[in-house]
Amino acid sequence: MCGIIGFAGREQAAPILLDGLERMEYRGYDSAGIAVRSATKGLQVKKTKGRLQVLRDLTQDGAELEGTLGIGHTRWATHGEPNDINAHPHVSENGRIALVHNGIIENYLEIKEQLQRHGVTFTSDTDSEVVAQLLEFHYNECHNMLEAVGRVLRRIQGSYAFGIICSDYPNALIAARKDSPLILGFGENGNFIASDVTAIIKHTRDVVYMDDGEIAVVTAENIDVFDSEMNPLEKKHSQVDWDVSAAEKGGYAHFMFKEIMEQPEAIRKTVSPRVREGRVVLDDLRLPAEYVRDISRIFIIACGSSYHVGMVSKYNWERLLRRPVEVCLASEFRYSDPLVDEKSLVVVISQSGETLDTMAAMREAKRLGARTLAIVNVVGSSIAREADDVLYTWAGPEIAVATTKAYSTQLVLMDLVGLYLADLLGTVEKSEYDAILWELQTLPEKLEQVLTHVEDIQYFASRYFNHNSIFFIGRNLDYAMGLEGSLKLKEISYIHSEAYASGELKHGTISLIEPGTLVVALGPYAALFDKSMSNVVEVKARGAEVLAVTTERFREKMEKTADSTVVVPDTHPILQPSLGVVPLQLFAYYVALQRGCDIDKPRNLAKSVTVE
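Those letters in the sequence shown? Residues 0 to 611, by numbering that gives the first Met the number 0.
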């Protein structure tokens, strides 16, 4: 969740650090800080609660801190409230060591108590400061910073990405990682560490992805990487191939709106290269046909919006593959004693490829013998490297915390994989295969049609933005789609919102419907439209205001009952959620806009969740 950047080079570090932190603001944070080492002033640390602009003002955009070696951090609070003292970097008691940390140290209390018995005084409530003080303790013993880092890493338990500088080492910073992302960047005027390539793309495209247990020593001239036993490693370099403008707003008011509007092209980039001569071709998927035929059960593991992709895919894959599919929250999977074996295919979905719960669940599945397939967006991410197979969505960088285009590209990629596996199994008729594949290729054009009616959604948002509680109802695929629509709304507008399977209304939930309650009724799924309409009638009879989403085919029927109706084009039923979700994204966006919310950086949320 936190953002880390470090620089060792031949330019002033502070402006580079601040720029890198600004490019990671989308990850979510509540405080920010930088530490720069100067030949004349030693270690200089500035940190503050609040937005990065406060830190910019405090340091005059970095001009106050001289020096070419430094680290920076944006914090998302886990231990200790968001304030100036708990902000990073944390400094050791003697003031010589500064550290930034992403992750959680699980045994920090035990270490803290031990250090307090040795007379160490702590100033913050964080687990991260414990690491800084432990570093000083071991450095005083061995007088070698690299050795001290090694001793600390052998002592602590938990997840971490560290950036460390010491006033005694004027030219080098040290980095280490375990279960939290950290990359190394090789630039012309210096070298970098960062938790996100977005932070350094302005300066370099030449990066190395650190693996668990590795330590790096970064200087202006070079980066040396070691394993946990301090053996030198040769690491593979990667080139970042997306343009820096992809991480900028490009004239849009918010990243979220920009990314909603990018969905037709994003889906086109996901689908087009994987369709050749009327077939789904997945060159990167190495699942042998005999293995696929032997699969007894499929698990889809994910969190948040990716979990909702899994919910849609469960309906579609069971229909196409005739195999049982279970969708599991990653945070629950490894604690549920799952019935996974070598005949299980485990699909893990993660936009960042660094979601810690998802990564831990995948590792548990591998331990139990399952084959794993990762659906991710970020090339070289931890989940992508550890999975048996990986397919990239190719959505490009997504900056807004609330996902839109990453969700949509995950959805169509899962549809492609479902078609591919059904073809191998012989469980889909050729006519249906061809129909689904044709409609997949026409989705971008149909999405563009939806996006030409943005003003209609904006009008409905202006009518309904002042509701305090909103319910989404639908059946089957519409229910799964409603889960995502509800999440989008609550994420960025802070309105209480819940999605329910329409058939469950009579089992308690309908007691919450009273005159004026807004119900978003979802009815694109043709097979159950009439049953969905009966539920619309039920809530209308109890005074609900109904905003409906349906297709051209059912427009007339829906408009006779609903108060407001949004219409999307017809497509194959399996693909209908890809069209229906877009008005829900736009509705959430415009409601949040009406309410004056910070749309790209909603409170308490982070883009990449790298802690449990």
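If you're looking for bench data, these hints aren't it; they were derived computationally from the structure. Everything numeric in this text was worked out from a predicted model, so none of it was measured. Think of the CB as a built atom: it goes at the ideal place given N, C-alpha and C, for glycine as much as any other residue. Mixed in with the good hints there might be a few duds.
[Stated by the list, open to error] Calculated lysine-lysine pairs in the DSSO-like style (CA-CA distance at most 30 Å, straight line):
(1) Lys235 - Lys365
(2) Lys201 - Lys111
(3) Lys201 - Lys40
(4) Lys234 - Lys365
(5) Lys530 - Lys445
(6) Lys248 - Lys201
(7) Lys342 - Lys365
(8) Lys445 - Lys489
(9) Lys177 - Lys235
(10) Lys313 - Lys530
(11) Lys489 - Lys429
(12) Lys201 - Lys313
(13) Lys248 - Lys48
(14) Lys248 - Lys556
(15) Lys530 - Lys505
(16) Lys313 - Lys234
(17) Lys177 - Lys48
(18) Lys559 - Lys530
(19) Lys445 - Lys505
(20) Lys177 - Lys201
(21) Lys268 - Lys235
(22) Lys445 - Lys177
(23) Lys248 - Lys234
(24) Lys234 - Lys201
(25) Lys445 - Lys248
(26) Lys556 - Lys539
(27) Lys505 - Lys539
(28) Lys489 - Lys559
(29) Lys111 - Lys177
(30) Lys556 - Lys530
(31) Lys559 - Lys505
(32) Lys235 - Lys201
[Claimed, not checked] Beta-carbon label-pair distances, calculated as ranges:
(33) His142 - Gln115: 21 to 29 Å
(34) Ser461 - Asp282: 44 to 52 Å
(35) Leu108 - Asp529: 57 to 65 Å
(36) Glu80 - Gln115: 33 to 41 Å
(37) Ser227 - Tyr458: 53 to 61 Å
(38) Lys234 - Gln115: 17 to 25 Å
(39) Arg116 - Ser510: 51 to 59 Å
(40) Asp223 - His495: 47 to 55 Å
Evaluated hints:
Between the alpha carbons of Lys235 and Lys365 the distance comes to roughly 24 Å, so the proposed pair stays at or under 30 Å and holds. Only pairs whose Cα atoms come within 30 Å are accepted, and Lys201 paired with Lys111 is rejected, the gap being roughly 39 Å. For the given pair, Lys201 sits about 28 Å from Lys40 by alpha-carbon distance, which is consistent with the 30 Å threshold. Using a Cα cut-off of 30 Å, the hinted pair Lys234 and Lys365 holds, with the two alpha carbons roughly 25 Å apart.
A hinted pair counts as satisfied when its Cα atoms are at most 30 Å apart, and Lys530 with Lys445 qualifies at roughly 26 Å. The straight-line distance between the Cα atoms of Lys248 and Lys201 is roughly 15 Å, inside the 30 Å bound, and the hint therefore holds. A hinted pair counts as satisfied when its Cα atoms are at most 30 Å apart, and Lys342 with Lys365 qualifies at roughly 12 Å. Distance hint between Lys445 and Lys489 is fulfilled; the C-alpha atoms sit about 27 Å from each other, no more than 30 Å.
With a CA separation close to 18 Å, the supplied pair Lys177 and Lys235 stays within the 30 Å bound. The straight-line distance between the Cα atoms of Lys313 and Lys530 is roughly 21 Å, inside the 30 Å bound, and the hint therefore holds. For a cut-off of 30 Å, the pair hint linking Lys489 to Lys429 is broken: about 41 Å separates their Cα positions. For the hint pairing Lys201 with Lys313, the CA-to-CA distance comes to about 40 Å; that exceeds 30 Å, so the pair is violated.
As the CA atoms of Lys248 and Lys48 are separated by approximately 26 Å, the hinted pair is consistent with the 30 Å bound. Taken as a hint, the Lys248 and Lys556 pair is broken in the structure, with Cα atoms around 40 Å apart against an allowance of 30 Å. With a C-alpha separation of about 13 Å, the suggested pair Lys530 and Lys505 falls inside the 30 Å cut-off, and the hint holds. Distance hint between Lys313 and Lys234 is unfulfilled; the C-alpha atoms sit about 38 Å from each other, more than 30 Å.
For a cut-off of 30 Å, the pair hint linking Lys177 to Lys48 stands: about 27 Å separates their Cα positions. The suggested pairing of Lys559 with Lys530 holds, with an alpha-carbon distance near 15 Å, which does not exceed 30 Å. This hinted pair does not check out: Lys445 and Lys505 have alpha carbons roughly 35 Å apart, beyond 30 Å. For the suggested pair Lys177 and Lys201, the alpha carbons sit about 26 Å apart, so the restraint of at most 30 Å is met.
Restraint check for Lys268 and Lys235: satisfied, since their Cα atoms lie roughly 26 Å apart, inside the 30 Å limit. Annotation: proposed proximity of Lys445 to Lys177 is violated, straight-line Cα distance about 43 Å (limit 30 Å). Distance hint between Lys248 and Lys234 is unfulfilled; the C-alpha atoms sit about 34 Å from each other, more than 30 Å. Taken as a hint, the Lys234 and Lys201 pair is honoured in the structure, with Cα atoms around 22 Å apart against an allowance of 30 Å.
For the proposed pair Lys445 and Lys248, the alpha carbon gap of about 24 Å is at most 30 Å, so the pair holds. For the given pair, Lys556 sits about 15 Å from Lys539 by alpha-carbon distance, which is consistent with the 30 Å threshold. For a cut-off of 30 Å, the pair hint linking Lys505 to Lys539 stands: about 14 Å separates their Cα positions. The hinted pair formed by Lys489 and Lys559 meets the criterion: a straight-line CA distance of about 29 Å does not exceed 30 Å.
Among the hinted pairs, Lys111 with Lys177 is consistent with the structure: their alpha-carbon atoms are about 21 Å apart, no more than 30 Å. Restraint check: the Cα-Cα separation between Lys556 and Lys530 comes to about 13 Å, which is no more than 30 Å; the hinted pair holds. Pair hint Lys559 plus Lys505 holds up; C-alpha atoms about 23 Å apart against a cutoff of 30 Å. For a cut-off of 30 Å, the pair hint linking Lys235 to Lys201 stands: about 21 Å separates their Cα positions.
Judged by the Cβ atoms, the range 21 to 29 Å given for His142 and Gln115 holds: they are separated by roughly 23 Å. Between Ser461 and Asp282 the Cβ separation comes to about 47 Å, which falls inside the hinted range of 44 to 52 Å. Hint check: Leu108 to Asp529, Cβ distance near 59 Å, so the stated range 57 to 65 Å holds. For the pair Glu80 and Gln115, the supplied restraint of 33 to 41 Å is violated, since their beta-carbon distance comes to about 21 Å.
For the hinted restraint 53 to 61 Å between Ser227 and Tyr458, the CB-CB distance of approximately 59 Å keeps it satisfied. Our hint of 17 to 25 Å for Lys234 and Gln115 is violated, since their Cβ atoms are close to 39 Å apart. Between Arg116 and Ser510, the C-beta spacing of about 57 Å keeps the proposed range 51 to 59 Å intact. At roughly 52 Å, the beta carbons of Asp223 and His495 sit within the given window of 47 to 55 Å.
Going through the hint list in order, the structure does not satisfy hints 2, 11, 12, 14, 16, 19, 22, 23, 36 and 38.
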